[in-house]
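Number of protein chains: 2
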Amino acid sequence: MQSDPELDRLRGSIDNLDAAIVCLLAERFKITQRVGVLKKERGLKAADPDREVQQIARLRQLAASSGMDPEFAEKLLGFIVAEVVRQHEAIAAA
Amino acid sequence: MQSDPELDRLRGSIDNLDAAIVCLLAERFKITQRVGVLKKERGLKAADPDREVQQIARLRQLAASSGMDPEFAEKLLGFIVAEVVRQHEAIAAA
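Chains A and B, in that order, give the protein sequences. Following my numbering, the numbering of the first sequence begins with 1 at its first residue and continues without gaps. Following my numbering, the numbering of the second sequence begins with 1 at its first residue and continues without gaps.
Extracted from the complex, chain A is given alone in its bound form (with noise of 0.2 Å):
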């Protein structure tokens, strides 16, 4: 394992940051979860593309003003709805 004094203060930052990270998705996969419910009982397709596109509008807008690539945040929006669906389908089917 690479060591400096430097290297490991900011990976000490990207650990701290790493954790507030997980936390979020895992509240924002507690919502997702109960949207998901909701759906099965309303009767509501598990994907909805309206929606999407306005994700990646706003997340590619919000990625850009905070200085990060707008490609890499919609592919991760990408990356974390198909976690979504897969989730949905499975409440769906359940």
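Among the clues, some could well be false.
With a Cα cut of at most 30 Å, we get these calculated DSS-like pairs of lysine-lysine [claimed, not checked]: (1) B:K40 to A:K75; (2) B:K45 to A:K45; (3) B:K75 to A:K45; (4) B:K30 to B:K40; (5) A:K75 to A:K45; (6) B:K75 to A:K75; (7) A:K75 to B:K45; (8) B:K40 to B:K75; (9) B:K75 to A:K40; (10) B:K39 to A:K75; (11) A:K75 to A:K40; (12) A:K30 to A:K75; (13) A:K45 to A:K30; (14) B:K75 to B:K45; (15) A:K30 to B:K45; (16) A:K30 to A:K40; (17) A:K30 to B:K30; (18) B:K75 to B:K39; (19) B:K30 to B:K45; (20) B:K30 to B:K75.
The hints are simulated quantities; they were obtained by calculation from the structure and are not laboratory data.
Starting from the known structure of chain A, arrange chain B on it as the hints suggest.
Chain B in isolation, oriented as in the chain A frame:
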């Protein structure tokens, strides 16, 4: 677009969490870019497999304790680290 008062409320929470996650990720990339510059200055390799093994173990544990699928957390870290390594290789080549 599917609409329903409770669905709209839940989606508002998802949007708030997404904004927070994007900001934290943007900060994470700022730090990993600094790590990339530091690695170039010190002549260290872009990828660090030992560090990645530690990060995976830590994030799987964090995910499990916050109610998130550890498999998803590991896949997500892989997705983010691939982007970081891509950025580090660009810094090293610059």
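Now for the hints, and whether the structure bears them out:
no. : hint           : verdict
1   : B:K40 to A:K75 : holds (27 Å)
2   : B:K45 to A:K45 : violated (47 Å)
3   : B:K75 to A:K45 : holds (26 Å)
4   : B:K30 to B:K40 : holds (16 Å)
5   : A:K75 to A:K45 : holds (22 Å)
6   : B:K75 to A:K75 : holds (13 Å)
7   : A:K75 to B:K45 : holds (26 Å)
8   : B:K40 to B:K75 : holds (27 Å)
9   : B:K75 to A:K40 : holds (27 Å)
10  : B:K39 to A:K75 : holds (27 Å)
11  : A:K75 to A:K40 : holds (27 Å)
12  : A:K30 to A:K75 : holds (21 Å)
13  : A:K45 to A:K30 : holds (19 Å)
14  : B:K75 to B:K45 : holds (22 Å)
15  : A:K30 to B:K45 : violated (38 Å)
16  : A:K30 to A:K40 : holds (16 Å)
17  : A:K30 to B:K30 : holds (28 Å)
18  : B:K75 to B:K39 : holds (25 Å)
19  : B:K30 to B:K45 : holds (19 Å)
20  : B:K30 to B:K75 : holds (21 Å)
In the structure shown, a violation is registered for the earlier hints numbered 2 and 15, in ascending order.
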